[in-house]
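Given these sequences and hints, build the entire structure.
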Amino acid sequence: QVQLAESGGGLVQAGGSLRLSCAASGSSFRIYAMGWYRQAPGKQRELVATISSGGSTNYADSVKGRFTISMDNAKNTVYLQMDSLKSEDTAVYYCKTDLYYGASYWGQGTQVTVSS
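Here my numbering is used: the first residue of the sequence shown is 1059, the next is one more, and so on.
Be careful, since some hints might not be right.
[What the hints assert, rightly or not] List time: in silico DSSO-like cross-link candidates among lysine-lysine, alpha-carbon distance up to 30 angstroms:
| hint | residue 1 | residue 2 |
| --- | --- | --- |
| 1 | Lys1144 | Lys1101 |
| 2 | Lys1122 | Lys1101 |
| 3 | Lys1154 | Lys1144 |
| 4 | Lys1133 | Lys1122 |
| 5 | Lys1122 | Lys1154 |
| 6 | Lys1122 | Lys1144 |
| 7 | Lys1133 | Lys1154 |
| 8 | Lys1154 | Lys1101 |
Read the hints as simulated data drawn from the structure, not as lab findings.
Keep in mind that this is a model prediction, so the values were computed, not measured.
Laid out in structure tokens, this is it:
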């Protein structure tokens, strides 16, 4: 079993920045990839960015050039640096981890609100 602890959400003005963190903990697990997803009210959950343990990244077109995902393998922690935030970035942001043997786990989510 793996637990994910997210932090860093909050309220920010448009054009501002936030940094999300997600730390994975548990026993005997090996992370293949981690990522961030978001869900706005009335919309489906969507991919924001993912990163593999080898450092390969993938971003949604809507956040390219504004968001940066990174991972500290030693700490089993993934970060999402969000710059130039827009009101349309307002959502609950969820962390997800994929393990080498196929299991996946989700965090509880952290609210990000961007005021215009």
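Evaluation of the provided hints:
no.: 1; hint: Lys1144 - Lys1101; in the structure: holds (17 angstroms)
no.: 2; hint: Lys1122 - Lys1101; in the structure: holds (20 angstroms)
no.: 3; hint: Lys1154 - Lys1144; in the structure: holds (23 angstroms)
no.: 4; hint: Lys1133 - Lys1122; in the structure: holds (25 angstroms)
no.: 5; hint: Lys1122 - Lys1154; in the structure: holds (19 angstroms)
no.: 6; hint: Lys1122 - Lys1144; in the structure: holds (13 angstroms)
no.: 7; hint: Lys1133 - Lys1154; in the structure: holds (15 angstroms)
no.: 8; hint: Lys1154 - Lys1101; in the structure: holds (18 angstroms)
In terms of the numbered hints stated before, the structure departs from none.
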